[in-house]
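Given the structure of chain R, go ahead and fit chain V onto it with the hints provided.
Here is what each chain is made of, one letter per residue.
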Amino acid sequence: MAAPLLLQGGRVVDPSRDLDETADVLIQDGRIAAVGPGLGAPAGATVRDVRGTVVAPGLVDVHVHLREPGNEDEETIATGARAAAAGGFTAVCAMPNTDPVTDNQAAVGFIVRQSLRAGFARVYPIGAISVGQRGQQLAEFGEMVGAGAVAVSDDGKPVVSSHLMRTALEYARTFDIPVADHCEEPSLSAGGVMHEGLVATRLGLKGIPAAAEEIMVARDILLAELTGGRVHLCHLSTRGSVELMRRAKERGLRVTAEVTPHHLSLTETACERYDTHAKMNPPLREAADVAALRQALQDGVIDCVASDHAPHAYDEKEAAFDDAPFGIVGLETAFGVAYTELVQGGALTLPQLILRMSTVPAQVFGLAGGTLRPGAPADVVALDVTAGWSVDAARFHSKSRNTPFAGRSLTGRAALTLVAGKIVHDARAAAEG
Amino acid sequence: MTAALGKDLIGLERLSPDQIRLILDTAEPFKEVSERPIKKVPALRGKTIVNLFFEASTRTRISFEFAEKRLSADTVNVAATGSAVQKGETLVDTAKNLEAMRIDMVVIRHASSGAAQFLGDRIRSNVVNAGDGKHEHPTQALLDLLTIRDKLGRIEGVKVCLVGDILHSRVARSNIWGLTKLGAQVAVCGPHSLMPRGIEELGVTVLRRVEEAIEWADVLNVLRLQLERMEAGFIPSLREYYRVFGVTVERLAKAPRALTVMHPGPMNRGVEIDSRVADGPHSVILDQVTNGVAVRMAVLYLLAGGKPELADAAKGPAAGGTD
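Order-wise, the sequence lines are chains R and V. Okay, so the first sequence: first residue is 1 according to the numbering used here, each after it adds one. Okay, so the second sequence: first residue is 434 according to the numbering used here, each after it adds one.
Just so you know, these hints were derived from the structure itself, not from any lab. Honestly, I wouldn't trust all of these hints.
[To be verified] To give an idea of the chain R side of the interface with chain V (calculated C-beta under 8 Å), a few residues:
id : residue
1  : 134
2  : 196
3  : 201
4  : 204
5  : 207
6  : 274
7  : 318
8  : 319
9  : 320
10 : 321
11 : 322
12 : 323
[As the list claims (entries may be wrong)] Now the stretches of chain V that chain R is said to cover, found in silico as 3 or more residues with beta-carbon under 8 Å:
id : segment
13 : 565-571
14 : 579-590
Heads up, the beta-carbon is just placed ideally off N, CA and C, and yes, glycines get one too.
Just chain R, with the same shape it has in the complex (with noise of 0.2 Å):
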């Protein structure tokens, strides 16, 4: 086994336990060994000062695209799994839109293999809820589960069929998994581009209306009331949205919700000039969304953060509005956004954040982490939250550099990341090398 480490001297932050003050974190044989003020360091243990950085459960994306199998030209689980850990997430989970479709225990069984292989973040799949999300036929959710699969989803496409989407969640409740949805219902949307408000008047682009998302919020909302089961509601985006959730929470139902870094901070003005980095679905919607999302992720009526980290080809967005793809990168993003944003912009403090991206993700998907809680896998962050940086997408580990973020200030970056105790990040080593 790997020496012990000792990360000396660093704030701790742990929402899993209400822990906000200067220790030292000791990891042994890949887990937490102790977590408090002044341990001393074990024989033969490495000793890393990391005064001036947040030391945090690491990060829990729920929501990413590693493009692998099929499109690895864009991203491969390694390349992803390498993103993520710059971006000081420890754990992310992919969505089964690749090509073929992860919707079968042999595909989910790929990817798990290929992350092991890679050895950065963790890497969980989910696997489709239909058979090549055609959006009829169940997949094998009980064979997935079994290979490693810790949710389903058709994400990329709605479950347009409300029988599915009911059965879905019927039947996921024998694994006790959440069923995610992307939620757009496709007759509102078709040839929409970006929100449909002023700015899509102005530039003549078909618009995706509000309602195409909340008619599916809403319903997915009352299915969870008839089954009984568990929802995901995949990064939302809207203020209607928003209050179908507080609705939903306040009575108690099983019912969960993403919110991505960019709907967080950005809105409809971000499309102008036509700027394809600027296209993702849903779309970016207006300032009053962006309020209601901020407020909503405060009060917990959004459970968390997840990046809906999309890789494409540079020149796949080389091209008019109509004609690009949605989606954006996110992973290396995610952090220096949401600090950026929320805790410098005053919606959240430090700790809400960390909650947000790690300790409630992890528990909503059923994920180890989340924690420094002893006896817990050592994935953890060190978070430098003092020195700003610049978004250079070139610079991405990331094989795609989608980003409407390019060249933007931002504060707050991964210094050290490790999962099991190993060091999948060092911003320092990076810095050197």
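Below, chain V without anything else, positioned relative to chain R:
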């Protein structure tokens, strides 16, 4: 690059009122060129212009071509309609190829909003938007403005109502920008299923019924209703559209004042407009076509660096460099 208009003409949204007036004023002397026996001036001699039409067009393409030829430019027409190649790929590759061939100007028509901007951002040549998706069709609005000014002697204070499918209309958007910048009062009228979100915030009034538009307006600009809109379920039938929104002789008879009727063409007679109106005394539809050539000459001349004051009688081949 000229300070008069900038490198490209993408839309009227980004032009100042003075720039719009400059184009209209520059068009005046060019009108005369088309009335001469020898319809040619040397203003753009030696310039190469590509007319790049990714979408079918007869009127606009021919109008641009006449404008270019009457300014003595060398022109090439590229029609890329129905290409099996993906639109986006075609556009970026086209941009690179044009750049490599050292073209002076590109006139582009494309089905995607933003295509002209996309091209303009990637090549040094001047780019003129001849219609991009549902975004803008600036030269159409400029010729509409010139026609209104010819007919009514002014634009400021004139009440103009755009009638029809506002949602999908680039002509409507360009007209709204141009008219409001020059001080006209602007209204839009059409089925609400064809009205874009937030249109009032552009400074226009929404009128519910065509009768209200006729009662209110000095000028009706009647937009073409594309037949696909019915198939896409925006309206129940062309027959009902004509019944409810058609600009007919009977309706015009109730106008409280002299009313000018415009149409950007091509017309669907008996759908958005009654033939008797199109061919009748209210109509300035053919004047619009005539003005189209002069306005496009003015735009090309100014973008090429032509001096506005020399456009008079078009004696000035004083075109500077293009960038």
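Now for the hints, and whether the structure bears them out:
{"no.": "1", "hint": "134", "verdict": "violated (24 Å)"}
{"no.": "2", "hint": "196", "verdict": "holds (5 Å)"}
{"no.": "3", "hint": "201", "verdict": "holds (4 Å)"}
{"no.": "4", "hint": "204", "verdict": "holds (3 Å)"}
{"no.": "5", "hint": "207", "verdict": "holds (6 Å)"}
{"no.": "6", "hint": "274", "verdict": "holds (3 Å)"}
{"no.": "7", "hint": "318", "verdict": "holds (5 Å)"}
{"no.": "8", "hint": "319", "verdict": "holds (3 Å)"}
{"no.": "9", "hint": "320", "verdict": "holds (4 Å)"}
{"no.": "10", "hint": "321", "verdict": "holds (5 Å)"}
{"no.": "11", "hint": "322", "verdict": "holds (4 Å)"}
{"no.": "12", "hint": "323", "verdict": "holds (3 Å)"}
{"no.": "13", "hint": "565-571", "verdict": "holds (count 5)"}
{"no.": "14", "hint": "579-590", "verdict": "violated (count 0)"}
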